[in-house]
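> Residue numbers (the numbering used here), protein chains in the order written: chain U, 1 to 386; chain B, 1001 to 1158; chain L, 2001 to 2347.
Honestly, the hints are just simulated from the structure, not real lab data. Computed from a predicted structure; not experimentally measured. Careful: at least some of the hints might be erroneous.
As the list claims (entries may be wrong) - 27 Å max Cα-Cα, derived DSSO-like pairs, lysine-lysine: (1) B:K1082 <-> U:K103; (2) U:K103 <-> B:K1032; (3) B:K1143 <-> U:K100.
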Amino acid sequence: MTTETIDTIKTSTGKSLRTEEMVVNMGPQHPSTHGVLRLEVVLDGEIVVDVIPHIGYLHRCFEKHCEHMTSYQQVIPYVDRMDYVAAMTNEHAFVTAAEKLLKIEVPERVHYIRIIMAELQRIASHLIAIGTFGIDMGAFTPFLYYFRDREKILDLFEMTCGARLLYNYMWIGGLSHDLPPQFIDKTKEFIVHFKKTLQEVNDLLNYNEIFIKRTAKVGVLPRDLAINYACSGPMLRASGVDFDLRRDDPYTLYDRFEWKVIIGEGEVGVVGDVWNRNMVRQKEMWESLKIIEQAINSLPEGDVQKAIPKRIRPTPGDAYGRVEGPRGEIGFYIVAEDNVTPYRVKGRAPAFVNLSVINEISKGAMLADLVAIIGSIDIVLGEVDR
Amino acid sequence: MTAQEIFEIIKSQFNDAVLDSKLENVPDPFIKIQTEKIKDVAQFVRDNEQLRFDYLMCLSGVDYKGKIGVTYNLYSMVHRHKITLKVEVPTESPNIPSVESIWKTANWHEREAFDMYGINFIGHPDLRRMLLPDDWEGYPLRKDYEVPEFYNGMKIPY
Amino acid sequence: MENLLSIFSNPIVISVLLAFVPLVFILVYALVVLYGEMKMAAHIQNRLAYMENGWHGTLQPFADMLKLLQKEDIIPQAADKLFFVLAPYLVFVGTYASFAVLPFSSGFIGSNIDLGIFYMVAVSSLVVVGLLMSGWASNNKWSLFGALRSAAQIVSYEIPGVLAILGVVMVLGTMNMQEMTKLQDGGIQNWLILGGNFPLYQKLSLLPFMILFFVIYLLSSMAEVNRTPFDLPEAESELVQGYNTEYSGMKFAIFYLAEYANLFLVSAVVVIMFFGGWTSPFGTFMSGPVWSAFWFVGKGMFFVFFNIWLRWTLPRLRVDQLMYVSWKVLTPFALAGVIAIGLIMVL
């Protein structure tokens, strides 16, 4: 797939010195590539000339399975396993697409609980993203601090639906379980405790001189390139584009809460570089806490299972529904015919699309920067490969 | 802009390329385009001032039995409206012009569609298999796909 | 040496016995510091580690040692066998030979040569050779990368380190490590970091430069030992352990041992040059051959733990930033310091 170019340099006697570029494999098993991703890197010394990602090591034929289900509701556990780190938002995306196709209106309580779960999941996913990014940079400690708090979030999820990582919680038309009685108090405790950890890691990592030197001005993604490559989520916002699906393409009731969209401002480094992506994720966690607080305090009453249809047999047609996941825009394109089985389900995974940018933004970077760039794109191979 | 207005603008520019449309009472209004003209239509909808569809949300292959189609879900960051374009080709000769030069994100989406459906995107710079191993035979997401018995000496169905 | 002569009358036997003392010390110290590093890392990271074996896991290092000893020794087929096998031992020898000139106490030093610190700097360069050999012989692109980075790093950081040592030698007037320590005897005010055993005006003029040299030597010694923030050669997330990748079992254990021994070595040198070696901070109270061994090891361990603390707190520097720090920051400061010290000593 790559050609070795041979540069010739002439010495003073006129003979030519050959320098060759080295092709190195950051192979499927590697401590830093967050999963089974193979990167073929063409190096000129320490400078990266070309990066060719090879994916497909975790392909599980999810889309083919969906065509043999006996119900649309059966697709939801599969959808969980696409992005196993942030499963709630996957389910939210599929359920939004399916409800758009079937023209179902869910009660307000369902909307509010879905928002709470999605925001908790967003925090949990960002904790992993920033923690593992810190480890790639050599800072081992924020990872452990963050995982402690992620355990608390997973406890909240376990309290609600019984599962820590793969939930099968959001069903088409409602939810599988209502909130248990002690959920609200535990969440309030968690919010109070978590604000302290966020502040602590902020002081520890983000403005650390060495961290800034490693991440500022590295892997800059310009604005127009980001839109052309259909990047989404923190990658897009860190490049200065003021776009958030929760506000700009509303799919649920986010407009009832007061919260800000975080954009990369270039406080340190350049807009669109690795430092700003990290900062966008950090600040988004604060905003998520705000939303959860407001949602918990104003939770309406209702029955979460009222609108769940007994039999799902849609009119033929197709629909594309998308939500703002922690990594970007998760979309599902569902093609339905007059059958209980879906005809075609395509999952548009944000990490898949964001990863395609890597060739453009890592030209000219050093090998150590490549690790930083991959960490900042925040990929989860489950959804890249499906 | 509503779907009807978008349809009017496209139809006024490409009268014969527009084959079909369904704009009312559907979750996502779509316009079916003649396959050979899809690249010109894509260029037009990206650059036209009133449309400005600069964000390709999703590109999916679909197998309608006997025909293979590709669906383009488009979004405009500037005007905040959406539209869906569809093309169809017969299964025996699935050749579709590639829109990779217009939206770079189509590069990987089209590779995946090729991998799963066997659609040949004309003009794509690097069309090779993505999710399946490079020497896999067959196109799995087609409706008439049979899982092969052996792959490189390993038995597949168990 | 003299009192041992009376027991065994053969000097060769005595030399061999004396050579074993630092080895025993290194082995014991490695177990202690392994436990200490993991526990310190754990407490910094807000978790507990090593609670199973023994009280709070104190027997765990023995288990680790046993595990490494009984592992299968894998040599890759295409590796250069001679160099592959030789490399870890070369690294260890480079470190261990320098232990000969460390004054462990007022009554014990392996070899009391007048060239003490010069010899130490020279011999510890063997480590570079060993690392390069291991990287090359592994026949693995990632090991080669790690070895080349490591060699470049160690060689560039030797310059500011040696300049700092030169400054101290100029002040103290001797390269003999035992003499250096004796010159700082008599209490904490005589330690070189606080100006040394000189009249007051000279002491005050030396003080800022001693602190400068201390910082420079501390940083360059951390880079010599490949500890974070300078641990790019073994940066796990990029190079899968760098030059160590293909090693397993006993050879890996030797690399590990050599790294910890090297860590103690440079901490000991810092202590000897700036913090008075085996002298007691209280003057004559708590001094004597046994107490001074305690002080020496105690102060050395303090700096070892300082290193460990830094490792688990800071992220790591990139290769070119590492080189920048060495050549454009540390070396000019060290040169300026040496010139200034020269002027002060002349006047």
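> Does each hint fit the structure? Answer for all of them.
Here is how each hint holds up against the structure:
1. Among the hinted pairs, K1082 (chain B) with K103 (chain U) is consistent with the structure: their alpha-carbon atoms are about 18 Å apart, no more than 27 Å.
2. Distance restraint check for K103 (chain U) and K1032 (chain B): the Cα-Cα separation of roughly 23 Å lies within the 27 Å cut-off, and the hinted pair is therefore satisfied.
3. A distance of roughly 25 Å separates the Cα atoms of K1143 (chain B) and K100 (chain U); the hinted pair therefore holds under the 27 Å criterion.
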